[in-house]
Amino acid sequence: MNQVVFTLNGERTEALVEPRLHLADYLRDTSRLTGTHLGCEHGVCGACTVLIDGQPARSCIAFTVACDGRDVRTIEGFEDDALMKDLRTAFTRDHALQCGFCTPGMLIAARDVVMRCPDADDKRIRSEMSGNLCRCTGYLGIANAINSVIQARRGGGATPAIRTAIAANAPVVQPLAKPWQAFTPADAEAAAPRPAVAAPLDDAGPREGWQRIEESFIANHSPGRVWEIFADTAGVAACLPGASIDEATPTSAKGRIDVRFGPMKASFAGATSLERNETRMEGRIRGGGSDSLTGSRAKADITYRLASEHDRTRVSIVMDYNLQGPLAQFSRSGIVKAFAGRMVAQFGENLNAKLGGGSAPIPLAAGRTAELNAGNVLWQWLWSTIKKLLGLTR
Amino acid sequence: MKSAKFDYTRPHDVRAAIHALADALGEAKFLAGGQSLGPMLNLRLTRPKLLVDVSRIEALRSIDVVNGSIRIGAAVTHAEIEDAGASLARNAMLPAVAREIAYRTIRNRGTIGGSLAHADPAADWPLALAALDAVIIVNGPAGQRSIPSARFMLAAFTTQLADDEMIEAIIVPELSPSARWGTYKFCKRTGEFPDAAAMAVFDPARRIARVYVGALSGAPVPLDALARGIAQQGAVALTATAVDRAIAMAVPELDAVGRKMHAATTMRAVQQALAS
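One line per chain: the protein sequences are A and B, in this order.
Residue numbers in the first sequence follow my numbering, run continuously in steps of one, and reach 394 at the last position.
Residue numbers in the second sequence follow my numbering, run continuously in steps of one, and reach 670 at the last position.
The set of hints was computed from the structure by calculation and includes no laboratory data.
Treat the hints with care, since some could be wrong.
What the hints assert, rightly or not - Pairwise CB distance ranges (calculated):
hint	chain 1	residue 1	chain 2	residue 2	range
1	A	119	B	629	46 to 52 Å
2	B	409	A	160	39 to 45 Å
3	A	12	B	557	22 to 28 Å
4	A	69	B	458	20 to 26 Å
Unchecked claim - On the chain A side, residues computed to face chain B include the following (Cβ under 10 Å):
hint	residue
5	21
6	56
7	63
8	71
9	159
10	160
11	162
12	166
Built from N, CA and C at the ideal position, the CB exists for glycine as well.
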């Protein structure tokens, strides 16, 4: 429990809170200020909008502990506010609410728009209010109500405060265009290299419900030498960032792969079976695993093929995978592919380092740990799910 | 929709923040504006043991003009950049970009450093700062280092930032008076993450020509040949065929719709820069 002191609707408030308690829960459950409504509870719908230090903020993703020393104002704190009174009247007159659930958040956001954008037209009002959702679809009434308050304030003549706000909010305009001045640019800073996209290896597509990733890399040794290395299950696993093997035989392995995606971490524990076809220089790794924390399950069927290319070896990899649990709803497949490209490239680098005599895997990037950073995969799933589920935006 | 338990600390300087993170042995996360981390915590998609709140560290909170560059502290919010108007007169692209990020409630809390560290492929700052040749100053137990923004983001949600490092500031060059820039993005709904985005910067005095596309599967991608052609020849080099070819070569994995959308955003961003 942490001690916090902040101002709530003008009054000094002391509280002992768990760090995870978000501000909206504190307001509703402890302060009994139930005008702040909770809709989505992850910062999308705008129903919980309050003012923190005078600025609209979402109280469901603001932690109470982080409000220490701040000035918090909820919808109940506008009793004597002249502008809010005008907005309330306008909302009532223009039918800007039906069920009323979004209204407290709408009013707080609207008051900010009126003060900050005193010359806003209907289009600007709608754009400025787009972070607050109304499921009764009363947007026409809401925009009209806000517009009427803005017009009424302007009708009274632009006060110095209004003029200052208008100046501060003028759109950014570039200086008047002069004739195009041709020039030869200096060389650009090279961008980070992008993973190469490999040519398809296998004509038959993946099984129903499975996804396919095809990548390849060059190993700096002969196919014979690379083939030997691939026979060493534990050795190959050591080149996969984040992988650790508990038990390995020539035909099977048990272990785990630790992956990290932004702030998330997961540890997939599982088993694989290994097959090798020496005449075709092809191998197959089939396996599956699960992560107990996120409840994700993954199955993979990996085929690798070695081919000679200018005294070196092209290692081509086809990975078919099937994901269940959180990962299954992954939608932006381009990101998985890009990630897989980097993963395979790093596996290739590590393998080359190993073949070159060095045993230490090459870190993912300067200063990084060698843990597999699967950022894209789960993170992307997370975001796409969040966005999809609630029509969310950010 | 309640976060799992975590401890909270609010250090007063960068050094203390780095120590707090290091002491937690990989179980801590920095909290800045919390506009991406907050939802993740509430959905229990992440469960750090400790949040290190860096949002009030003074050294991370200012915008300063130093030697022809603009230094933006990592914990400066999008809204503060949007409103900085006069102090950013020498790089008006910054407030223009800030103004188009999500909604004002998000911009009031979300920070430029947080956006860069989070590295969503569709976010505005990784794209804008790459196009502006910004430099990211990071700090950690091994000391301070600077990373060119074009190389900072490696892939979706993956950057050059080490586990124990934090972003301290972003150094953005001032634009010369002859500079032109343009930004354009496709959003299905106002404030949403875009499906395609592009930004262009041409600064004859500094011999800089950049056209970048963003909102891809990974980091923003430069269209160097196109930018060079436009710098040398002006609007004649900006043909639909040239843009289409540049996109197809730089981002071959895009499907037909994606290529079209990115070509259109690129065209519009460059047109804005050319004021044509």
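A quick look at each hint next to the structure:
Under the hint 46 to 52 Å, the C-beta atoms of residue 119 of chain A and residue 629 of chain B, about 33 Å apart, miss the expected range. Distance hint for residue 409 of chain B and residue 160 of chain A: a CB-CB separation of about 44 Å, consistent with the stated range 39 to 45 Å. For the hinted restraint 22 to 28 Å between residue 12 of chain A and residue 557 of chain B, the CB-CB distance of approximately 40 Å leaves it violated. A hinted range of 20 to 26 Å for the beta carbons of residue 69 of chain A and residue 458 of chain B is consistent with their spacing of about 24 Å.
With a cut of 10 Å, the hint placing residue 21 of chain A at the interface with chain B holds, because the nearest CB-to-CB distance is about 8 Å. Taking 10 Å as the C-beta cut-off, the interface hint given for residue 56 of chain A holds, the closest approach to chain B being about 5 Å. Annotation: residue 63 of chain A was flagged as interfacial toward chain B, and the flag holds, the nearest CB pair being 7 Å apart, inside 10 Å. Hint status for residue 71 of chain A: violated, given a least beta-carbon distance of 14 Å to chain B, over 10 Å.
Taking 10 Å as the C-beta contact cut-off toward chain B, the hint placing residue 159 of chain A at the interface is violated, the least distance being around 19 Å. Checking residue 160 of chain A against chain B: minimum C-beta separation of about 17 Å lies over 10 Å; hint violated. The interface hint given for residue 162 of chain A is broken, as the beta carbon of that residue sits about 16 Å from the closest beta carbon of chain B, more than 10 Å. Interface hint at residue 166 of chain A: violated, since its Cβ lies 12 Å from the closest Cβ of chain B, which is beyond the 10 Å cut-off.
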